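Mind docking chain A on chain L? Use the hints.
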Amino acid sequence: MEEVSKNTLQQIKKENIKPIPKWQFLLKDSLVWGLFAINLILGSIGFAISLYILGSNDVLLDTSLVKNAWEWIILSIPIAWILLTILFVFIAYYNFKHTKEGYRFTVVKIFLMNIVVSIVLGVVMNGFGLSQKLNTIFSDHIPFYNHTMDLRSDIWMRPESGYLAGTIVDINSDTKILKIEDLKGKIWDILYQDATVKGRVVLELGEEIKIVGNAVSDNVFEASEIRPWVGNGRQMQENS
Amino acid sequence: MKRSPTKEKTDYEIVLQILENVDDYKYLIERYEKKLFIYIQRILYVNKEDTEDILQEVFIKAYRNLNSYDPKYNFSSWIYRITHNEAISFLRANKKRQLDISNDMENNIFDTIASDIDIEKEAIKDWDSKKVHEVLAKLDEKYREVLVLKYIEEKDYNEISDILQVPSGTVGSLINRAKDKFKKLVK
Numbered sequence: 001m002e003e004v005s006k007n008t009l010q011q012i013k014k015e016n017i018k019p020i021p022k023w024q025f026l027l028k029d030s031l032v033w034g035l036f037a038i039n040l041i042l043g044s045i046g047f048a049i050s051l052y053i054l055g056s057n058d059v060l061l062d063t064s065l066v067k068n069a070w071e072w073i074i075l076s077i078p079i080a081w082i083l084l085t086i087l088f089v090f091i092a093y094y095n096f097k098h099t100k101e102g103y104r105f106t107v108v109k110i111f112l113m114n115i116v117v118s119i120v121l122g123v124v125m126n127g128f129g130l131s132q133k134l135n136t137i138f139s140d141h142i143p144f145y146n147h148t149m150d151l152r153s154d155i156w157m158r159p160e161s162g163y164l165a166g167t168i169v170d171i172n173s174d175t176k177i178l179k180i181e182d183l184k185g186k187i188w189d190i191l192y193q194d195a196t197v198k199g200r201v202v203l204e205l206g207e208e209i210k211i212v213g214n215a216v217s218d219n220v221f222e223a224s225e226i227r228p229w230v231g232n233g234r235q236m237q238e239n240s
Numbered sequence: 001m002k003r004s005p006t007k008e009k010t011d012y013e014i015v016l017q018i019l020e021n022v023d024d025y026k027y028l029i030e031r032y033e034k035k036l037f038i039y040i041q042r043i044l045y046v047n048k049e050d051t052e053d054i055l056q057e058v059f060i061k062a063y064r065n066l067n068s069y070d071p072k073y074n075f076s077s078w079i080y081r082i083t084h085n086e087a088i089s090f091l092r093a094n095k096k097r098q099l100d101i102s103n104d105m106e107n108n109i110f111d112t113i114a115s116d117i118d119i120e121k122e123a124i125k126d127w128d129s130k131k132v133h134e135v136l137a138k139l140d141e142k143y144r145e146v147l148v149l150k151y152i153e154e155k156d157y158n159e160i161s162d163i164l165q166v167p168s169g170t171v172g173s174l175i176n177r178a179k180d181k182f183k184k185l186v187k
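Respectively, the protein sequence lines represent chains L and A.
1 is the number of the first residue of the first sequence in full-length UniProt numbering; add one for each residue after it.
1 is the number of the first residue of the second sequence in full-length UniProt numbering; add one for each residue after it.
Each hint should be verified, as a subset may be incorrect.
To be verified - Calculated pairs, BS3-like style, for lysine-lysine (alpha carbon to alpha carbon, straight line, at most 30 Å):
1. Lys142/A to Lys181/A
2. Lys181/A to Lys6/L
3. Lys35/A to Lys14/L
4. Lys198/L to Lys67/L
5. Lys9/A to Lys97/L
6. Lys72/A to Lys18/L
7. Lys28/L to Lys133/L
8. Lys100/L to Lys61/A
9. Lys142/A to Lys100/L
10. Lys184/A to Lys130/A
11. Lys187/A to Lys138/A
12. Lys22/L to Lys9/A
13. Lys14/L to Lys26/A
Derived from the structure by calculation, the hints contain no laboratory data.
On a predicted model such as this, the values are computed, not experimentally measured, just so you know.
This is chain L alone, in the form it adopts within the complex:
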């Protein structure tokens, strides 16, 4: 048995083995905790944006906007964001499990904790309007975002079917004509004399709106209903 002690010390000296510095362990721990926190926050953002899109989606309650059940599912549920949220929760679980004391918790406990924190933080973020702001930032800066993550533009950029969305860039209350810049940057004249303007909509410059009606020509659209960009059918009924 003495050999073990002797041989170990000999090997340490011969190979000049040194203890790994403490800062490396601290750095590794901090990285794991940092990644855990980041993924938890990303999961919360994912949940917040899922809530926001779900709450702003007319398709969920207005089935006339879609052709069939499959389209209803695809367009009404923010599937991509929900999947992304689940992915972040999984990565957060993996990170937590690799913290110094992660092994002390069961898989169920860690998942429950991650899910509860993501939901609570997500609800708070959504409550403070952060999800809407982030969604706008992503929509403006991430290519294909509006065709993958937030499909509302796919629903509301169909002027030929009577659906149009954009931001008000000019208002003429005498002639009852609005100018909007649609989600693709095209300018439209909107005739809104006979339109129902839902309660939450304020017709002012910069207001984001959705319009139901029909395209009169290539750049003229006759509105029968103007809805706020944010919000779904139920909210609009309550506010109209």
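What follows is chain A alone, placed relative to chain L:
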């Protein structure tokens, strides 16, 4: 003046000394080598030479990672954990090896398992330690290890949890499953 750790010194105090002077490592090795030697043999059923090789690797790894030891926890659990990891690595590298159940370790210690598992009534009270030793050898390594830690090393659930890096609740179910498997093999 030469420093010499006394028996009263805690493991952590010796760890701090080692970080200053590697030669003091021998005091910690002396404190644990016998325990770990027996532990490795009990869970791996390897010969003396393999056991010493594994043990040496354990002490080298422990030395490299000495700064990661957190004095909030038991040093014993920490070094047993490293030993457990080395044992797993050994098993992975030697999947097709034959267990050396002939080796002459302290066989009488295996009596503890039979009595603690409460299977004396089941016609094995007259078994000698060698038979218990043989039954244990037939168990999966994870069940054998948890029985060894609980009944031979006499570790509590928290210590086993720290060594195997599983939640304490899982330790309980592992022990129960291991006991069931042991009983089935006895029958």
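Do the alpha carbons of Lys35/A and Lys14/L lie within 30 Å of each other, as the hint requires?
-> holds (26 Å)
When you check the alpha-carbon spacing of Lys14/L and Lys26/A, does it fall within 30 Å?
-> Judged against 30 Å, a Cα distance of about 16 Å means the pair holds.
For the pair supplied as a hint, Lys184/A and Lys130/A, confirm whether the alpha-carbon distance does not exceed 30 Å.
-> With Cα atoms ~18 Å apart, Lys184/A and Lys130/A stay inside 30 Å; holds.
Are the Cα atoms of Lys142/A and Lys181/A separated by 30 Å or less?
-> holds (12 Å)
Holds or violated: Lys198/L with Lys67/L, Cα cutoff 30 Å?
-> Holds, at about 24 Å.
Is Lys28/L close enough to Lys133/L, meaning Cα to Cα at most 30 Å?
-> violated (34 Å)
Below or equal to 30 Å on CA atoms is what counts here, so check Lys72/A against Lys18/L.
-> Satisfied, since the Cα-Cα distance of roughly 23 Å is no more than 30 Å.
Between Lys187/A and Lys138/A, is the straight-line Cα distance small enough, at 30 Å or below?
-> Since the Cα atoms of Lys187/A and Lys138/A sit roughly 13 Å apart, the hinted pair holds (cutoff 30 Å).
Is Lys22/L within 30 Å of Lys9/A, Cα to Cα?
-> holds (23 Å)
Restraint status (C-alpha distance of Lys142/A to Lys100/L at most 30 Å) = Holds. Lys142/A to Lys100/L sits at ~22 Å (cutoff 30 Å).
Given the hinted pair Lys100/L and Lys61/A, is their alpha-carbon gap at most 30 Å?
-> holds (18 Å)
Has the given pair, Lys181/A with Lys6/L, been kept, meaning a C-alpha gap of at most 30 Å?
-> violated (40 Å)
Hint compliance for this structure: hints 2, 5, 7 are not met, and every other hint is.
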